[in-house]
Amino acid sequence: MGSYFLRRLGKALVILIGVSFLAYVLIDLAPADPAQVIAAQRLGGHPNADQVAWVRQAYGLDQPLLVQYGRWAQQVLQGNWGYSIRTGNSITAEIGTALRYSLTLALWTLSFVVVVGVALGAWAALRPDSLWDQLMRWATLIIVAVPEFWLAFLLILLFAVQLGWLPSYGAKSGWHLILPLVALGLGPTAQLARLTRILLLDELGRDYLRTARAKGLSARRALLHHALPNIVVPFITLLAVQFSALVGGAVIIETIFTWPGLGSYYITAVEFRDIPVIQTTVLVFAVIISSANLLADLSYGLVDPRIRLG
Amino acid sequence: MNLIRKLLLYGLLLVLLAACVPTLPASDTSPDARSDADRAVEQTLVLAAGDSLGPGNPHDYSSNMALLDLLYEPLVRYGPDGSIQPALAESWEISPDGLLWTFKLRPNVTFHDGTPFDAAAAKWNLQQWIGVEAHNWLPTSTRVTDIDTPDAMTVVLTLKEAYYPAVQDLSLMRPVRFLSPTAVDGAGNFVEPIGTGPWQIETLDDNEALLVRNETYWGAKPQLTHVRIEVIVDAQTRVAALQSGEIHVIGGEYLGSIPPESLPTLQADSDLTVLTGAGVTSFLLTTQYRQPPFDDRRVRQALNQAIDRAGIAQAIFGGLAEPATGLMATALPYVTRTDSDLYTYDPAHAQSLLVEAGWTLGADGMLTKAGEPLAIDLVVDQSRLPQTAAIAEAVQAQFQAIGIALELRLYDYSGWLESYSNNDFDLLMDFTWGPPYDPHTQLNGAFHTQADPTEVVSFASPELDALIDAALASTDAVARQALYDQIWQTVDDQAAAIPIVYPQRIYAQRNEVAGFRLGGTEYDLAYALQNVVIHGK
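Chains as they are written, first to last, in my numbering: chain Z, 1 to 310; chain V, 1 to 537.
Here chain Z stands alone, though its shape is the one from the complex (with noise of 0.2 Å):
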C-alpha cells in the first residue's frame, strides 16, 4: 500500500504541472489580449496603446510564456502566491476564505445527499413496485431532469419573497446556507436515491441474503447490516466525484446566492483575466479533484478487504 500511495502521489504531482501549465497556455489562447483586458477594467473604458501598453510591462506579460510560467511556478513553489491584479490582495488569504466557504457548502450538500439519498433509495428499495416506489421513482426523475439555477429561483420565490423564512442571498449565518444547499444538493439526491435503489434491488435478491431471509432475517436487518455495507464502493466513486464537483463546479449557484466560494472567485478572475488568482485557483481545483480521487481509491480497500492495493 505505501509503494501505490507514492506512485500515485507521483502521478498526482505530474497532473499538477499539466494543468497549471495548460492554464497558462488557454489564457493564451482565449481570444482577447490579456493586458488588453486588464487596462479596459482597470481604466474602467477603452484603454489606448499607451495604457495597454502600460499594463504589458507591469504585470510581466511582455515576457515569452514560458518565462511567464517558469517565473509564477518559482513563486509557489517558495509559498508565494502572489497578489491578484484585480483586488492587489494577497491570493493566499483571499483562496483561503473562498475555499473556506466552497468547504463548507460542498460538506453540508454531501451529507444531505448522502442522508436523504440513501434513506430515500432504502426506503423504496423495501416496497419494489409499490406506489410509494413509484412516486420517489417519478419524482426524482424531476427532479434530475430540473436544471439547479431554476430551482434555485423557485426556493428563492417561495422561501424568502413568500413567505419570507429564509435570507434570499448571502453567507452569514446557518440559515443562508440552506437554500443554496438545497438548490445544489436536490439534484446529485435524486440522483443518489435512484442508485441505491437499484444497487440494493440487485444485492437483496442475491443468493446469500435469500437465504438468510429464509432462515429468519428481517427484511430491514438484511438490508441495513448486509445489503447496505456492500454496496458503499460506488457509492464512494460517485461521492469523489460529487464533492469535487461541489467545490468547483458550484459557480452558478454561488452567483444566484451570491455566496463567495471557489467558483465564483474564479470565475470573476477569468472575466478580469487576472492571470496569477486563475492560476492558483485551477492548482487549487486540481489539488482537490485529485486527493479527492486518491481518498476514494484508498478507501476501497479501507470498507472492502477484498479490494487490494499496490
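What the hints contain is simulated information worked out from the structure, not anything from laboratory work. Keep in mind that the hints are not guaranteed to be accurate.
[Said to hold, decoys possible] Stretch-level coverage of chain V by chain Z, calculated; a stretch enters the list once three of its residues show a Cβ under 8 Å from a Cβ in chain Z:
{"no.": "1", "region": "130 to 140"}
{"no.": "2", "region": "241 to 250"}
{"no.": "3", "region": "323 to 333"}
For glycine and all other residues, C-beta sits at the position ideal for the given N, C-alpha and C.
With chain Z held as given, fit chain V onto it using these hints.
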C-alpha cells in the same frame, strides 16, 4: 467490514464536517449594547450592489463608485442640473487665458479621522494622479504642468493649454477624490478608507459595507444614521431581495442595474415604487467610416434612417428609454439639436439612398452591387449590456426589411474588446458614458483624429477636429456653445454615428423609503440619500 474500520470511516467524516462548521462567520446576533432610545432614532438603509465593493481606495479603479461617493468628495461637484457646484473648493477662478485655475478651499473641513483638509492635503491628492501614466486617460492628467499652494487654503493648477472640461474632470470619482494623507502607509500604499464625505466606514469587506453618518460633516447631514451596502451578484436575486424586504433600494449603473425583464414584476408589486430619470447615455452603432461601403455618407445616412428607434424603445425597454434624436441626450451640457431628419424612421428613403449609392434591389428584396450582396456584420457585447443583444436583433430585422443582410456577432466583453481593438467589425455596438464625462470625452475620444492611427474612431474629419479642439480650448461659454452647435451640425450632416436610444436611469425602492432622489450622475449616491428617511418599520 469490522467495527474498527467502520468507526474510522465515520470518525473521518465527522472530523471533516466539524472542521467546516465554525468557519461560517458569526451572524448579527451579538448582544446590542445600545439603549432602546438610541435604537429608536437609528435608521439603516440597505442597498444592493452587483459587484464586489473593493477596498475603498479613491485613487485607483478597484472600488465601487457609489460606495466611494459616500466617503469621498471632489473639489467641485457635477450638480443634478449639469452645473458645476462648489464642494471642497468654496470658489474657483480661471484666468482669462484659461491656463491658471485658482481654487479657494473650504475652511474647517476635516477628514473622518480629524486630519484637517488643507492645501497640503489637496496637493498630495492631486499628485497621486496628475501626470501619472496610469491615469493619463484623463485629459487633465496630461495638461496640468504645476500644482501650487500659495497659502494653506489655496491651490493653483497651471495648465499647458486651455481646457475647459478640466472642471468636469475634477468632479469625477476615480482617481480624483480626496483621501486623507493619513490613510496610507510609509511607502504610500493605501491602508484604510478615510475621506471627508457625509458617511464614514464602520466595517468594509468585499461583500458588505456598513457606513455610519459623519457627525462632523461640514455640509447638510443626512437623516439616516447608517447605510449598509450588500453585494448581490445576480440581478434576479437583487429583485427578489427587494421584494422580500431584505433590501430597500436597487438599481443604478454603478450600484447594480435592474434587468429590463424584471420591470413589470417590480411595477406590479404594491410594496414597491419604480423611479426613473431621463436617459443621459446613448446606445449607438459605430461604423468603419474609412472603408467601403461606410465611406459613402449616403450609406451611413441610410443605416440611420432604417432603424425604428421608437419601436426599439417600446419593445425592448418597455418605454423606459428615449428614442435617439441626436448623438447625445440634450440633458448633457452644450448638447443642442439641429433640424436634421437623419434620425427619423424612413425605410423607403433609406433604401432609395442605397440605390442612389449604386446598389440594385433584387427580386428577393435584397440589395446587390456588381453581384455582391450588401452584407455587413455587427459586433455586440452581451455580457455587460444584456439589452444590446435584443437591440441588435431588432436592427437586423429592420435592415433586412430594406435589403441589407446583417450578421450578428454576439460576444462577451473580452471578445468584444478583441474585435474593437483590432478594428475587426463593420458595425460595433457601443455606449457613451454620460455625465460628467460627456459630451467632451466622447467627442475627443471617438470623433476626433487620434495620434495612434490604429485606434478606433467612430468618425473624424479635419473640420470636426478643428471644431472640437476649438471648443475644448475655449474660455468663453457663449463662443463655446456656438462651436458645439457647429459640432452637432457636422455630426448630423456627416451621419457620423448611429445612435439608437438613451436608456433611462432606473431604480426601485420599497415604499417605506421616502426622499430618495437621483443626482446628476449615476454615482451621486450621497446626494441621492441626503434626505432619505424610512417610515413604518
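Consistency of the hints with the structure:
| no. | hint | result |
| --- | --- | --- |
| 1 | 130 to 140 | holds (count 4) |
| 2 | 241 to 250 | holds (count 5) |
| 3 | 323 to 333 | violated (count 0) |
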